[in-house]
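In the order they appear, the protein sequences are chains H and D.
Counting from 4, one number per residue, gives the positions in the first sequence under my numbering.
Counting from 81, one number per residue, gives the positions in the second sequence under my numbering.
None of these hints come from the bench; they were simulated from the model.
Keep in mind that the hints are not guaranteed to be accurate.
[What the hints assert, rightly or not] Below, simulated DSBU-like cross-link-like pairs (lysine-lysine); rule was C-alpha separation at most 35 Å, straight line:
hint: 1; chain 1: H; residue 1: K221; chain 2: D; residue 2: K431
hint: 2; chain 1: H; residue 1: K207; chain 2: H; residue 2: K221
hint: 3; chain 1: D; residue 1: K149; chain 2: H; residue 2: K207
hint: 4; chain 1: D; residue 1: K149; chain 2: D; residue 2: K372
hint: 5; chain 1: D; residue 1: K339; chain 2: H; residue 2: K221
hint: 6; chain 1: D; residue 1: K149; chain 2: D; residue 2: K431
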Amino acid sequence: MTRNLHLAVALEGTGWHPASWREPAARPTEIFTPGYWLDLVRAAEAGGVDFVTIEDSFGLQSSRFGAADDRVDQLRGRLDALLIASYVAPRISRIGLVPTVTTTHTEPFHVATALQTLDHVSEGRAGWQPRISASPDDAASVGRRTVPALDLEAYRRGEGQAIVHELFDEAGEVVDAVRRVWDSWEDDAIVRDVDSGRFLDGEKVHYTEFEGRYVRIKGASITPRSPQGQPPVIALAHATVPFEFAAAHADAVCITPHTPEQLREILAEVHDAEARLRPTSLPPLLVYADLVVLLEDNAEDAAAALERLDDQAGDTLASDALVVASTPAALVERLREGQRLGLDGFRLRPARLPADLDTITRSVVPALEQAGLRAPAPDGVAPGTAPRTLRDTLGLERPANLFTHQPALRDSEVSA
Amino acid sequence: MTTPSSLDARRQVHLAAHFPGVNNTTLWSDPRSESQIAFSSFRHFAQNAERGFFDYLFLAEGLRVREHKGRIYEADVAGRPNTLAILAAVAAVTEHIGLVGTLSATFNEPYELARQLATADHLSGGRIGWNIVTTSDAFHGANFRRGAFLDRDQRYVRAAEFLEVADRFWSSWAPDAVVADKASGRFLADGGVGEVEHHGLHFDVTGRATLPGGPQGRPLIVQAGDSAAGRDFAAEHADVIFSLHSEFADAQRFYADVKGRLPGHGRDEDSLKVLPAIGFALGDSRAEAEEKAREIALAQTSGATAIAFLERVWGRDLTEYDPDGPLPPIDPDPAGAGITQGRANNAADPKATADAWRERAEAERLSIRELVIALTARHGLVGTPAQVAAEIDRFVQERASDGFVIVGHTNPYGLDEFVDTVVPELQERGVYRRSYDEGATLRDLIGAQGRSSVGSSAAVR
Numbered sequence: 004m005t006r007n008l009h010l011a012v013a014l015e016g017t018g019w020h021p022a023s024w025r026e027p028a029a030r031p032t033e034i035f036t037p038g039y040w041l042d043l044v045r046a047a048e049a050g051g052v053d054f055v056t057i058e059d060s061f062g063l064q065s066s067r068f069g070a071a072d073d074r075v076d077q078l079r080g081r082l083d084a085l086l087i088a089s090y091v092a093p094r095i096s097r098i099g100l101v102p103t104v105t106t107t108h109t110e111p112f113h114v115a116t117a118l119q120t121l122d123h124v125s126e127g128r129a130g131w132q133p134r135i136s137a138s139p140d141d142a143a144s145v146g147r148r149t150v151p152a153l154d155l156e157a158y159r160r161g162e163g164q165a166i167v168h169e170l171f172d173e174a175g176e177v178v179d180a181v182r183r184v185w186d187s188w189e190d191d192a193i194v195r196d197v198d199s200g201r202f203l204d205g206e207k208v209h210y211t212e213f214e215g216r217y218v219r220i221k222g223a224s225i226t227p228r229s230p231q232g233q234p235p236v237i238a239l240a241h242a243t244v245p246f247e248f249a250a251a252h253a254d255a256v257c258i259t260p261h262t263p264e265q266l267r268e269i270l271a272e273v274h275d276a277e278a279r280l281r282p283t284s285l286p287p288l289l290v291y292a293d294l295v296v297l298l299e300d301n302a303e304d305a306a307a308a309l310e311r312l313d314d315q316a317g318d319t320l321a322s323d324a325l326v327v328a329s330t331p332a333a334l335v336e337r338l339r340e341g342q343r344l345g346l347d348g349f350r351l352r353p354a355r356l357p358a359d360l361d362t363i364t365r366s367v368v369p370a371l372e373q374a375g376l377r378a379p380a381p382d383g384v385a386p387g388t389a390p391r392t393l394r395d396t397l398g399l400e401r402p403a404n405l406f407t408h409q410p411a412l413r414d415s416e417v418s419a
Numbered sequence: 081m082t083t084p085s086s087l088d089a090r091r092q093v094h095l096a097a098h099f100p101g102v103n104n105t106t107l108w109s110d111p112r113s114e115s116q117i118a119f120s121s122f123r124h125f126a127q128n129a130e131r132g133f134f135d136y137l138f139l140a141e142g143l144r145v146r147e148h149k150g151r152i153y154e155a156d157v158a159g160r161p162n163t164l165a166i167l168a169a170v171a172a173v174t175e176h177i178g179l180v181g182t183l184s185a186t187f188n189e190p191y192e193l194a195r196q197l198a199t200a201d202h203l204s205g206g207r208i209g210w211n212i213v214t215t216s217d218a219f220h221g222a223n224f225r226r227g228a229f230l231d232r233d234q235r236y237v238r239a240a241e242f243l244e245v246a247d248r249f250w251s252s253w254a255p256d257a258v259v260a261d262k263a264s265g266r267f268l269a270d271g272g273v274g275e276v277e278h279h280g281l282h283f284d285v286t287g288r289a290t291l292p293g294g295p296q297g298r299p300l301i302v303q304a305g306d307s308a309a310g311r312d313f314a315a316e317h318a319d320v321i322f323s324l325h326s327e328f329a330d331a332q333r334f335y336a337d338v339k340g341r342l343p344g345h346g347r348d349e350d351s352l353k354v355l356p357a358i359g360f361a362l363g364d365s366r367a368e369a370e371e372k373a374r375e376i377a378l379a380q381t382s383g384a385t386a387i388a389f390l391e392r393v394w395g396r397d398l399t400e401y402d403p404d405g406p407l408p409p410i411d412p413d414p415a416g417a418g419i420t421q422g423r424a425n426n427a428a429d430p431k432a433t434a435d436a437w438r439e440r441a442e443a444e445r446l447s448i449r450e451l452v453i454a455l456t457a458r459h460g461l462v463g464t465p466a467q468v469a470a471e472i473d474r475f476v477q478e479r480a481s482d483g484f485v486i487v488g489h490t491n492p493y494g495l496d497e498f499v500d501t502v503v504p505e506l507q508e509r510g511v512y513r514r515s516y517d518e519g520a521t522l523r524d525l526i527g528a529q530g531r532s533s534v535g536s537s538a539a540v541r
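Chain H on its own, in the form it takes in the complex:
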């Protein structure tokens, strides 16, 4: 066996196909209920998946690029992903929980403490998928800044890219600021020393002192350092700017190649960005590929199911990620090939929930184990040992605290 192939599942509504809500097994009226999300995450956990991402957007879903639509034939609406993850966390025990939390209109201090809290509640299985909000509608719903309208064609011609650069610059600042907030308490800051009357050792609580173009945070977190210290940051990226964002700030990047040639090109570009931009405080960037998966026992049934969904949707499924409508065995071969070409893992986006998640857990995961691509998930926690964190699962060491290992940060703290 080579390295353990990481396997994630991306949870989105009733699935990633816009007509998925019409499937017989779909539960579209339950997407605002806690039981729906608990069932999905429990299924993924029981099936041995490493982590789920819970997709989110600041504004209402739309089929148009950067603007609202008025469609009534597609699923609309969602709960806040971080709160779904927080709700689910006490009732599961092994799987990582990686909600999307946006960076453009949110307060980094709240984002930081919310993710720390998720990490405390889940005993170290939190992660974060940061995402920008580029839509003018999202900006108008807050009303403190404006974002120029973009359409996809203009964007492809190169117009409006400055604003996207700016939003990713800001996102980079947000992640940096959040990481500093996460480390602002040393692990042993709480001393509970009855003799001296000190609950806290103030020397071990550091001012964040983050001063960027977009973000300023002065004080320490209100939340003590969490079990992982730094929950993994996992970013979806399709182009140079987000590749650079991921290389400079994330622990893992999800890319969307459609062919082996594209995979080689993207890997080269990501590794180049990593060589230029990776800070020494971060371990090597993990690279995953996203796939939309629709799985049936034979390829003809899978193709027919996709065609039926496309017919219902009135259009062929358009996706940033490659759509694989096939058999579990064919998918496993694809994953094996991806690993051979240099990927650390995959994030599967089920076209239909819960159907394709069920197939992933029932057929794909066991096949990966049989093929020697993954070790079986460990059962529970041995008595007396610390629970396995998401960083453990991904092979990331628990990181040293930025404030005790970077002299520059120590100085800023001392002068504060």
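Fit chain D to the supplied structure of chain H, relying on the hints for placement.
Chain D only, in chain H's frame:
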């Protein structure tokens, strides 16, 4: 079972459970004290309160670690979770109890907070409440993008407008917006998701919510401001006042004051509940309970805590004084206001306060530490369980309060004894529920009137 029978018209007691916070009231040095951040503590505290049929769990919030004399303050418990995230997690391990969090109307925006509160209300089955606070000072503002942007006198103006915009988002999805007819392929009703448009003094918002309002529509609204403006805000908007008036005569005056403001807003007396915060000490006899109250007060007030308490008024370093000796003869430093950051108890007139304290200490022969205990210990409920239950009942029947926010001294077992011994006494008196109604929302538990936004008039102005 939660409503009194027609023969028993006694006013019913409402109780909330205050998770031990970051003041010196919380005894972290107690051997039974456990982590203030581990989820197991929140789970136990909430489940115990639910076992005692409390209306809600209450969480405070402060958005910056406290400082004293320019340094991180070390003597009290510090470090707490993000309010929304922990409420969502507690919702997963409780079934009936309400979950009220303190959240700032200053350092949040209506679209996003409305979305988060609605999500939490969905996840909890309608059990979420929001204690609106309006802190706007530079110390807290330094942790946020906008800094300290809000004038003091605009705080309640912003809070009221915030609530107005949030209400519009909570009611912006029509009750039947989600059709989800698989056969016809229609997911949303035409016009089911309304656009909210608001152009006001503090907010200029145009947008559509990503979710329908939760089971309560508008979550329960709690408010704690004690100023005239704060009381007016509560009388107009809140369902519960979290009050600091726990001494009987004072509580009656406060109760009459705020209830008297309700008719001006077209509300009846029962639509706003007044719940003072209060500690307790229990014993097999009154003498034993009083002895326990003294022990708790001593443990809450270490010498360092007592000196720091004085320094907040004196505005200068007083560590050279003996906490078991007399008060400092020197006067407060007028330039020292704000020596403590992150808590709201700086005296309006330090010199007058210091003079009054010295006078009292001299008359009653109190040391620094004894004076601070006399000033701060709030064990309004001291006695046997039957005596404490009788006292709670008296407050409620004689309109000094509608119940209490019970503050536990230790985390997470601080309310176990109360639930074991006082709750049965209250039930015996016929003034407290013996079960939760299945499916009751927090609004149902507290008896809040129809201020839910579900089914209210059109969202678009």
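Cross-check of the supplied hints:
| no. | hint | verdict |
| --- | --- | --- |
| 1 | H:K221 to D:K431 | holds (32 Å) |
| 2 | H:K207 to H:K221 | holds (16 Å) |
| 3 | D:K149 to H:K207 | holds (17 Å) |
| 4 | D:K149 to D:K372 | holds (33 Å) |
| 5 | D:K339 to H:K221 | violated (41 Å) |
| 6 | D:K149 to D:K431 | holds (19 Å) |
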